[in-house]
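Both chains are sitting in their own frames, so use the hints and assemble them into the complex.
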Amino acid sequence: MKARVQVMLKNGVLDPQGEAVRHALGALGFDGVDGVRQGKVIELDLDETDPERARHSVTQMCEKLLANTVIESYRIEIA
Amino acid sequence: MRAAVIVFPGSNCDRDMAVAFQRITGQTPAMVWHKETVLPDGIDVVGLPGGFSYGDYLRCGAIAARSPICRAVADFAATGGIVLGVCNGFQVLTEMGLLPGALMRNAGIKFLCRTEALEVVTTDSPFTVGYTLGDTIAIPIAHHDGNYTVGPEQLAQLSDEDRIAFRYRDTPNGSAGDIAGVLSQNRRVLGMMPHPERALEARQGSADGAALFAGLAETLATA
Chain L
1 MKARVQVMLK NGVLDPQGEA VRHALGALGF DGVDGVRQGK VIELDLDETD
51 PERARHSVTQ MCEKLLANTV IESYRIEIA
Chain C
1 MRAAVIVFPG SNCDRDMAVA FQRITGQTPA MVWHKETVLP DGIDVVGLPG
51 GFSYGDYLRC GAIAARSPIC RAVADFAATG GIVLGVCNGF QVLTEMGLLP
101 GALMRNAGIK FLCRTEALEV VTTDSPFTVG YTLGDTIAIP IAHHDGNYTV
151 GPEQLAQLSD EDRIAFRYRD TPNGSAGDIA GVLSQNRRVL GMMPHPERAL
201 EARQGSADGA ALFAGLAETL ATA
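Chains as they are written, first to last, in the working numbering: chain L, 1 to 79; chain C, 1 to 223.
Only chain C is shown next, with the shape it has when bound in the complex (with noise of 0.2 Å):
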């Protein structure tokens, strides 16, 4: 499995990303700058970081999905690619409409910043074929724009297309149907806001974000 990280002015957790690629696969990524008009030969899975790309000037996510490459993401995404996008890159996908719906201020306005129990909702998706349905595992947030926001007919159309990968037990910032994550109609592009990146060994206080990776790099390699 290749991956690509992406890389905006203002990203902060690409490296923690590209940590957990690396950690999987054992192969280096591609660490690809917002300004490239193309993802590198043989990339299996593009990675879209947390931060504060373009200094959230507008909105979250809004510039960052307008850069150069994201044309290059977006054709990826058309083809059949692997996205995951975390935190701000779960902006940037709603942002270029990889994604229904919109991040917003959190409920309580408060920049969040602790590990949420989630509940895995689904799956059948490459990123969660690596968990047991129904488990609570932990992951760490750290946002200020993560209150999932789509209309009821799109909620009721995520939950029915079986769409929503993740679930806050205890949703901190008034996101709609307690949606920590959800998945594109071909179930191949994940935005989250939790951070799996952040969570791969027991020391970072939780290690169930590594299964997320594995579960990329199994599903790569029996493709």
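Same shape as in the complex, but just chain L (with noise of 0.2 Å):
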């Protein structure tokens, strides 16, 4: 089965990176842009065919290795 996993930064944590889309959606006319907030999308293959199981392994991955959780949140979708 599939596995999404979205990481953003947690709300609260300055994201320069989405500053500067901002200001660019600005520079190019886009009015009414309050804020943008950039992050990463993970899509992971498995092997594992039972939902749950596979959200447990994926959770353990996220805690592992793939969001740094001191200044990141992540958000698993299972398909």
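Since the hints were derived computationally from the structure, they do not count as laboratory data. None of these values were measured; they are calculated from a predicted model. Backbone N, C-alpha and C fix where the C-beta goes; we use that ideal spot for every residue, glycine too. Warning: the hint list may mix true and false statements.
Unchecked claim - Coverage of chain L stretches by chain C, computed from C-beta distances (three or more under 8 Å per stretch; other residues unrestricted):
#1 10-18
#2 62-73
Said to hold, decoys possible - Distance condition first, Cα-Cα at most 27 Å in a straight line; then the derived DSS-like pairs of lysine-lysine:
#3 K64(L) x K10(L)
#4 K40(L) x K64(L)
#5 K10(L) x K40(L)
#6 K10(L) x K35(C)
#7 K40(L) x K110(C)
#8 K64(L) x K2(L)
#9 K40(L) x K2(L)
#10 K64(L) x K35(C)
What follows is the structure in structure tokens.
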């Protein structure tokens, strides 16, 4: 099965890259963009067929490597 | 004093760090490749050099922190070993969990390469014993992700425990508490973004980094 992990900076952590994108959008004439947060998406192909076990395993992956939980939060979708 | 310098794919300050150790100790450091699982016998100091280990994939230092040799470095630190992480090495130490916090993209987005004035905030560590408290030293920086980030409680704790080794006089990258270098609880692990190994003699623009390596050698000679 497939897992999709979305990693974002935690709320309250300043995202300088998101801010730069917001400024660039403003420069292109896109008004009314109050905030931009940039994150990343990681897609995993798993041998596991049980969704619960897959979620558990991917959670471990997030905690140990995929996210730095000091500054980042993550969300897992299993499909 | 016998030093080991860890070499990751993408390290680019490993030789500079080796030269710094060599000059102070007169001994050639062991260069240890990331795939090794043990440190050589008799090592007193481990250096994690600057660079772009693993191309900064995922996050700066993230993959290096999970490499085989870093398990050995963690064990070494756990038994009171002295570990110096500079620039990417600092990022690796935070990713390993040996130092608190994280290093994020510079607040101004830009890569910064210049000499910074640092305040010596504590002399109570093997790395800073060669300085005078409150000294201003000139050490170069060269980084894109040096914005030291910790929560307010942890920042207060670092300050209370006298674990801030160096502060920027004029913070270039948005770091919390102006922190340029931070110590572990046992004071034997130091991570810093500025490069003391690039400031060993006047013709490099500053010789203020030499005292860090000299202090280490002195501490170990009397240990």
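Quiz item: If you draw a straight line from the CA of K64(L) to the CA of K10(L), is it 27 Å or shorter?
Solution: holds (17 Å)
Self-check item: Pair hint outcome, K64(L) versus K2(L) [Cα-Cα no greater than 27 Å]
Solution: Answer holds: K64(L) to K2(L) is near 19 Å, not above 27 Å.
Quiz prompt | Hinted pair K10(L) and K40(L), Cα distance within 27 Å | solution = holds (13 Å)
Quiz prompt | Given hint K35(C) paired with K10(L) - CA-CA distance at most 27 Å | solution = Violated, at about 33 Å.
Self-check item: Hinted pair K40(L) and K2(L), Cα distance within 27 Å
Solution: OK: K40(L) and K2(L) at ~16 Å, within 27 Å.
Quiz item: How about the region 10-18 of chain L: do at least three of its residues have a C-beta closer than 8 Å to a C-beta of chain C?
Solution: That given contact holds, which follows from 4 residues of the region 10-18 of chain L lying within Cβ reach (below 8 Å) of chain C.
Quiz item: Quick check: the region 62-73 of chain L, covered by chain C? Criterion 3+ residues, Cβ under 8 Å.
Solution: holds (count 6)
Quiz item: Holds or violated: are the alpha carbons of K40(L) and K110(C) at most 27 Å from each other?
Solution: Since the Cα atoms of K40(L) and K110(C) sit roughly 20 Å apart, the hinted pair holds (cutoff 27 Å).
Quiz item: Under the criterion that the straight-line Cα-Cα distance not exceed 27 Å, is the pair K64(L), K35(C) satisfied?
Solution: Measuring from Cα to Cα gives roughly 19 Å; hence the hint holds.
Quiz item: Within 27 Å, alpha carbon to alpha carbon, are K40(L) and K64(L)?
Solution: holds (17 Å)
Hint 6 from the list above is the single one not met by this structure.
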